[in-house]
Amino acid sequence: MTTDLDLAVGLLRATPTHENRSEEQLREWAAIALAYGDELAAEPDEDVPVVEREGGVGRGEILVAEHRGGTVTVYPDSLTRLAKLAAEHGFQASREALRTAAIAHEKAHYRIDVRELNRRLGHTALRLGPFRVRGHVAGAEEIVAHRFAHHRSGLGVSPLLLTTALAGGN
Numbered sequence: 178m179t180t181d182l183d184l185a186v187g188l189l190r191a192t193p194t195h196e197n198r199s200e201e202q203l204r205e206w207a208a209i210a211l212a213y214g215d216e217l218a219a220e221p222d223e224d225v226p227v228v229e230r231e232g233g234v235g236r237g238e239i240l241v242a243e244h245r246g247g248t249v250t251v252y253p254d255s256l257t258r259l260a261k262l263a264a265e266h267g268f269q270a271s272r273e274a275l276r277t278a279a280i281a282h283e284k285a286h287y288r289i290d291v292r293e294l295n296r297r298l299g300h301t302a303l304r305l306g307p308f309r310v311r312g313h314v315a316g317a318e319e320i321v322a323h324r325f326a327h328h329r330s331g332l333g334v335s336p337l338l339l340t341t342a343l344a345g346g347n
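Residue numbers for the sequence shown follow my numbering, so the first one is 178 and each next one is one higher.
Note that these hints are calculated values from the structure, not bench results.
Since the model is a prediction, treat every value here as computed from it, not as a measurement.
Don't take every hint at face value.
[Stated by the list, open to error] Per label pair, the in silico range of CB-to-CB distance:
#, residue 1, residue 2, range
1, 304, 254, 31 to 37 Å
2, 262, 199, 32 to 38 Å
3, 290, 265, 34 to 40 Å
4, 205, 248, 19 to 25 Å
5, 229, 308, 31 to 37 Å
6, 221, 273, 34 to 40 Å
For glycine and all other residues, C-beta sits at the position ideal for the given N, C-alpha and C.
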């Protein structure tokens with residue numbers, strides 16, 4: 178059985194900046210990002226305005242939701258398409274659960290303290306003698322947001338598994 182940790186490692190491995198990273202390094206970063214998502218999901222929820230707008234489906238792309246300025250925008254046409262794709266892959270994921278997951282995912286992006294996440298990940302981008310500059314781990318924020326959404330959505334399937342399958346990786 179594929180775990181969220183395995184899926185998160187796969188997401189990191191597929192990120193171009195990580196192609197030469199060791200399996201151990203990717204597993205460590207994935208575990209840290211998943212744990213951070215767990216912590217964020219355990220905190221009290223806050224109200225965030227949600228609006229719906231047409232236009233999330235484009236050529237080769239489905240934009241389900243996005244956040245800007247404290248507001249989450251959901252694209253209903255994308256939710257319909259995503260629910261259909263999920264069903265075609267055999268996943269039990271209602272349109273409403275997908276909507277809830279999409280909103281939670283965007284809330285997580287709004288809540289993630291990138292500096293704190295980077296501190297926990299401990300990636301060094303540059304070292305000059307005793308000084309070091311923390312680096313950003315591409316993909317880690319997505320792992321956090323997917324994990325947060327899984328806790329908050331009630332989806333029966335992990336958003337990481339759903340995303341991997343829909344992207345053709347499973």
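Q: Please test the hint of 32 to 38 Å on the beta carbon pair from residue 262 and residue 199.
A: Holds - the Cβ-Cβ distance for residue 262 and residue 199, about 33 Å, lies within 32 to 38 Å.
Q. Regarding residue 229 and residue 308, is the given constraint of 31 to 37 Å on their beta-carbon distance met?
A. At roughly 48 Å between Cβ atoms, residue 308 and residue 229 fall outside 31 to 37 Å, so the hint is violated.
Q | Cβ separation of residue 205 and residue 248, checked against the hinted range 19 to 25 Å | A | 35 Å Cβ-Cβ, so the 19 to 25 Å window is violated.
(Q) 34 to 40 Å was suggested as the range; check whether the CB atoms of residue 221 and residue 273 agree with it. (A) violated, 22 Å
**Q.** Verdict for residue 290, residue 265 (Cβ pair) under range 34 to 40 Å
**A.** holds, 37 Å
Q: Could you see if the CB distance from residue 304 to residue 254 stays within 31 to 37 Å?
A: Given about 48 Å between the Cβ atoms, the range is violated.
Of the numbered hints listed earlier, those contradicted by the structure are 1, 4, 5 and 6.
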